[in-house]
Each structure stands twice: as structure tokens, then as C-alpha cells.
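Protein chains in written order, with numbering that gives the first Met the number 0: chain A, 0 to 266; chain B, 0 to 254.
Just so you know, these hints were derived from the structure itself, not from any lab. Be aware that one or more of the hints could be misleading.
Calculated from the model, a selection of chain A residues having no Cβ within reach of chain B, i.e. all distances over 12 Å [to be verified]:
| hint | residue |
| --- | --- |
| 1 | His5 |
| 2 | Leu12 |
| 3 | Ala87 |
| 4 | Leu92 |
| 5 | Val102 |
| 6 | Val113 |
| 7 | Leu117 |
| 8 | Trp136 |
| 9 | Val173 |
| 10 | Leu246 |
| 11 | Thr248 |
Partial list, computed: chain B residues near chain A (C-beta under 8 Å) [as the list claims (entries may be wrong)]:
| hint | residue |
| --- | --- |
| 12 | Leu25 |
| 13 | Ser166 |
| 14 | Phe178 |
| 15 | Phe183 |
We treat Cβ as the ideally placed atom computed from N, Cα and C, and that holds for glycine.
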Amino acid sequence: MSGLRHTLHVLALAARNGFLDYSVTFTWKTWLSGWYLRVLAQVVFFALMGRLLGSTEQVHYLLLGNAVMLAALGSLFAVAGTTWERRAGTLPLLVASPSSPVVVFVGRSTWALVDGFLSSLGALFVVAPLFDLGLPWPRALLIPLLVALVGASAYALGTFLGGLVLRAMSTRNVVANVAWTTILAIGGVNVPVDFYPRPVEWFAHALPLTHGLQAIRDLVGGAPLATLLPNVALELAVGTAWLALALLTFDRLAEGGRRDGSIEFGG
Amino acid sequence: MRGFLAGFGLELRIVRAAPDALMPLLTAPLFALVFLAIVRQSGRADLEADALLAPVLMTLWWVALQHAGHLITGDRWQALLEPVIATPTSLATILLGRIAALMGLGLLSFGEVLIVGKLVFGVGVPFEHPVEMALTLLATAFATAGTAIAFAAVFVMTRNAYTFTNSLSFPLYLLGGVFVPVAFLPGWIQPVSSGVFMSWSADLLRATVKRDGIGDFWSRLAMIVALGAASFLLGRLILFHVLARMRAKGELATV
Numbered sequence: 000m001s002g003l004r005h006t007l008h009v010l011a012l013a014a015r016n017g018f019l020d021y022s023v024t025f026t027w028k029t030w031l032s033g034w035y036l037r038v039l040a041q042v043v044f045f046a047l048m049g050r051l052l053g054s055t056e057q058v059h060y061l062l063l064g065n066a067v068m069l070a071a072l073g074s075l076f077a078v079a080g081t082t083w084e085r086r087a088g089t090l091p092l093l094v095a096s097p098s099s100p101v102v103v104f105v106g107r108s109t110w111a112l113v114d115g116f117l118s119s120l121g122a123l124f125v126v127a128p129l130f131d132l133g134l135p136w137p138r139a140l141l142i143p144l145l146v147a148l149v150g151a152s153a154y155a156l157g158t159f160l161g162g163l164v165l166r167a168m169s170t171r172n173v174v175a176n177v178a179w180t181t182i183l184a185i186g187g188v189n190v191p192v193d194f195y196p197r198p199v200e201w202f203a204h205a206l207p208l209t210h211g212l213q214a215i216r217d218l219v220g221g222a223p224l225a226t227l228l229p230n231v232a233l234e235l236a237v238g239t240a241w242l243a244l245a246l247l248t249f250d251r252l253a254e255g256g257r258r259d260g261s262i263e264f265g266g
Numbered sequence: 000m001r002g003f004l005a006g007f008g009l010e011l012r013i014v015r016a017a018p019d020a021l022m023p024l025l026t027a028p029l030f031a032l033v034f035l036a037i038v039r040q041s042g043r044a045d046l047e048a049d050a051l052l053a054p055v056l057m058t059l060w061w062v063a064l065q066h067a068g069h070l071i072t073g074d075r076w077q078a079l080l081e082p083v084i085a086t087p088t089s090l091a092t093i094l095l096g097r098i099a100a101l102m103g104l105g106l107l108s109f110g111e112v113l114i115v116g117k118l119v120f121g122v123g124v125p126f127e128h129p130v131e132m133a134l135t136l137l138a139t140a141f142a143t144a145g146t147a148i149a150f151a152a153v154f155v156m157t158r159n160a161y162t163f164t165n166s167l168s169f170p171l172y173l174l175g176g177v178f179v180p181v182a183f184l185p186g187w188i189q190p191v192s193s194g195v196f197m198s199w200s201a202d203l204l205r206a207t208v209k210r211d212g213i214g215d216f217w218s219r220l221a222m223i224v225a226l227g228a229a230s231f232l233l234g235r236l237i238l239f240h241v242l243a244r245m246r247a248k249g250e251l252a253t254v
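Take these sequences, add in the hints, and give me the full structure.
Right, here's the structure in full:
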């Protein structure tokens, strides 16, 4: 089997494993009646804040930002997802196998990517009409593509952070939650990025979602499609940078336990 | 009382060993920043205090859901439930002590948001009615603890309680009007909100930072306590039946 085919095969197997794990947590029924209800409530919560502020413009700004935020939020579940392997006691086997652990882990949490994508679009297309946010047709067809880009970019960050928490598993939920609330706070979700001091703004530009969300705002706002390209390219660049960082560090972090004997067969 | 104190001390030791429990104390200041940024950017200085109070209520609810709600399930997984039930002290007393410790930690978020508000935006909470505010916070912590007992009893019956705990945060923030008053919700859902203790807590807490007098303070406070007590009694009732069933079927431990 060629190198690329082998990598894709491992990715597919890992993804299948992750989806099987996820299906233990959620069935379609519990997803729709539980998680989907939560994401709808989350977007409505922020949209109503706009109404409290007495501004339709704010309603739409908050609604769109928080709906797209769900793609990043879902993808960041990958942080906790990576630790499942260690908790299951299978990490030593992965480290000992000829495949690179990072390939397995990139595939392992793709359920989070899909979850975030569906949550985001499911919330946006349901809540937007309730608050008279127009999603112009046929431009709206591009929204799923851009949401997928935002999700993928956040997934790369999630995989990188997942590598870090493999060495301190009890921090997995803390890291994931601090990561998404930081993006929520400074990533242009609720207020423009330039609301904050310049160093915070710079940091926001290095985070997933910031540029992709701006592209989606421009798309919905009717900007010429060509003007979206710089933000799309920047979102792609940010995601690629986080993925590169994950690829560079993950195996070292995962295999670090070989030196100090901290990877175990027991969860 | 010894059982209560033992539970209180035990929970503090567990929290010290598991940083996950402190997560709401990390996210509360971030939510305060988010809310303050939104109202500041819109030029609504009159909502700044509300923006600081909302994360405190969110933190209490989060602690109740994510930690207090899983106390019995966690004990069951670790095979601790059997020895705890075998002791002469009632399980409810120990649980109450443990949840009181968690609520105490949750209330620390109040200090956090004050610091963040002052340091980052130079705003604070006007203590127009400090005694009423303290009583409202205590009543809210009590009601949240009561609800947590109910959660703990219900979650132990479910195959995967995390499905619910991850899903119940924002629906309650919305129904409880933690930031946006319930009056902004559609009319058909407002009666549901009035059955949620958090909606009374949020309204009353916001009233304590306004210069105007607080109308019907005691009856509104009593409503929070009553709704919390009702949840507590319901939780105890469910717990009684659940434990009886687990005893009969030998399911006190799942390992």
C-alpha cells in the first residue's frame, strides 16, 4: 500500500472509530432533543441580547456571529476527543504501531467537525428567519462552504491543543472551554475585532474563525464575492498554520510518555 | 451536622485534585468580558451591572449541572456508593455538604467578575441594596443546590447523563433570563420561565443594583427559596426510589 493510501486508510478507520464512540453519546433523537436544542438556545440567547440593546443591526450581528461560532465550538471538542484514546488505554498500542499517532488523532475526532458544521448551519438557517436576518439566495449556497472552512480551521487548533492535553488529561475540558470562550470573546463574534486593544486584535487574527466569520458577514451583507477572497485565504492560512503546528508537535507529545513511562494500558 | 461537614470537606479535597471543577471560574470572567464588550460597544452603560451579574448565575448553574449533578453517578462508578450508604449518616446530608462546597466555589465568580469589570473596563456593580443582594445570592445558591440534588437523582437513572448536562446550559440561561429579561421571550414561553427559579433570581438580582426601591422583595425571595425547596424535595423523592431499586437489583456499583 502506498504511503498516501495507507495514511488515508488509517484516517478513515480512525474516523469510523470516533463516530462509533460518538454514537454511544448521542443518537439522532438525543442529538435533536438535547444538543440541537442547546445550540438553538445559544444563538437565540445572543440574538435577544441585540433586541435588549434595541438595535436590529446588533441582533443580526450577534445572531450571525454566534451561529458561526458553533462550528468552531463543535470542532474544539476534538481537544477532549483526543484523550479518549489514552483513557481507553490504547495509546501505547498506537505509539508502538508503524502509523504516526497524529494521523490517527486527526481522523479520530472528525465527528466533532461534522457536529459543529451541522450545529452551525442548523442553528443559522432556523434562527435567522425568526429574527428577520435575510440570507440572500443564491449567495447563501456559499455559507456552508465558509462554515466548513471555519470548522476545519478550528479543528486544526483543537488537534494541536489535544496533543498538549494528552500530557495532562485532567485539563482537557478546561482547555477546550477556555479556547472557545476566548474565541467568543475576541474573535469578532460579538463585537468587531478592533474593539479591543491592538495586541488583543493581533492575537484574534491568529485564531480560527476570525477571518472566516468576517467573510461570511461580508457575503451576507452583499459584498462582491471577490472581496471575500482575502479573508477566505487568511482563514485557510490560519487553519494550515495550526495544523502544521499540530503535525510538528503531536507525535512528540504522544510519544513523550515512552521516556517517562506515563502512557498506560489502563485508562 | 458532622455528615454535612464531612461532605463539605470531601468535596473541597476532590476539587483540589481535579482542576476540571474549577472550569466555570475560568470561563466566568471571559463571559463577563463578552457581555461587557457587547453593552459597552452599544453605548448601554445602564446594562453594565447586568452584564457582570449574568456570568455569576451562569456559573452557579454550570456547577450544578456539570459537577453536583454527577455526584451520585461518579460515586457509583468508583464503587463508593455502597460504603457511603452503609454508613449511619444519610446520603442526602453528605450530598448537601458536598453541593454546598460547590455552590461556595461557584459564588467566588462574583468576586472574579467584579475584578475583571474593574480592571478591564473600569466598571463595577453598584451596591445599591447590598443586604438584599447578598440574600438573593444565598437564596439562589440554595435553590441551585436543591435543583442539583434533583439532577443527581435523575442522572443516576440515565445511561449517559453527559448528553443532558452538555445540553441544558443555554436553554436555562434563556428561560431563566440570566441576562435578557424573560419579558423579551415570546409570550407563550413566559409561563414556563416563571416556574424556573433562575428567572426570579435574575430579576431580583438585577433589581438590587438599581437605585429604585425593590418591590415585593420578600415575596420574590420566598419564591426562589420555595422553588429550590420543591426541587430538593422532588430530588429526595426520586433518590429514595432510585436507591431502593438499585439496592434491590444489586446495582449500587457499576464496576
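Going down the list of hints, with the structure as the test:
No beta-carbon of chain B is positioned within 12 Å of the beta-carbon of His5 of chain A; the least distance is around 34 Å. Annotated as non-interface, Leu12 of chain A keeps its C-beta farther than 12 Å from every C-beta of chain B; the closest such distance is 24 Å. The Cβ of Ala87 of chain A sits about 15 Å from the closest Cβ of chain B, beyond the 12 Å cut-off, so the non-interface label holds. Once the 12 Å rule is applied to beta carbons, Leu92 of chain A is consistent with being away from chain B; the minimum gap is 23 Å.
For Val102 of chain A, the non-interface assignment is confirmed: its Cβ lies about 28 Å from the closest Cβ of chain B, beyond the 12 Å cut-off. With a cut of 12 Å on Cβ distances, Val113 of chain A stays outside the contact zone with chain B, its closest approach being about 16 Å. For Leu117 of chain A, the condition that its CB be more than 12 Å from all CB atoms of chain B holds, with the nearest at approximately 15 Å. For Trp136 of chain A, the condition that its CB be more than 12 Å from all CB atoms of chain B holds, with the nearest at approximately 27 Å.
The beta carbon of Val173 of chain A is not kept farther than 12 Å from every beta carbon of chain B, the shortest such distance being approximately 5 Å. With a minimum CB-CB distance of about 28 Å to chain B, Leu246 of chain A clears the 12 Å threshold, and the non-interface call stands. Remark: the non-interface label on Thr248 of chain A is consistent with the geometry, its nearest Cβ contact in chain B lying 22 Å away (cut-off 12 Å). For the restraint placing Leu25 of chain B at the interface with chain A, the shortest Cβ-Cβ distance is roughly 5 Å, inside the 8 Å limit, so the hint holds.
Interface restraint check: Ser166 of chain B against chain A, minimum CB-CB distance 4 Å, threshold 8 Å, status holds. Because the smallest distance between the Cβ of Phe178 of chain B and any Cβ of chain A comes to about 6 Å, under 8 Å, the interface hint for this residue holds. Taking 8 Å as the C-beta cut-off, the interface hint given for Phe183 of chain B holds, the closest approach to chain A being about 5 Å.
Violated hints amount to a single one, hint 9; each of the other numbered hints is respected by the structure.
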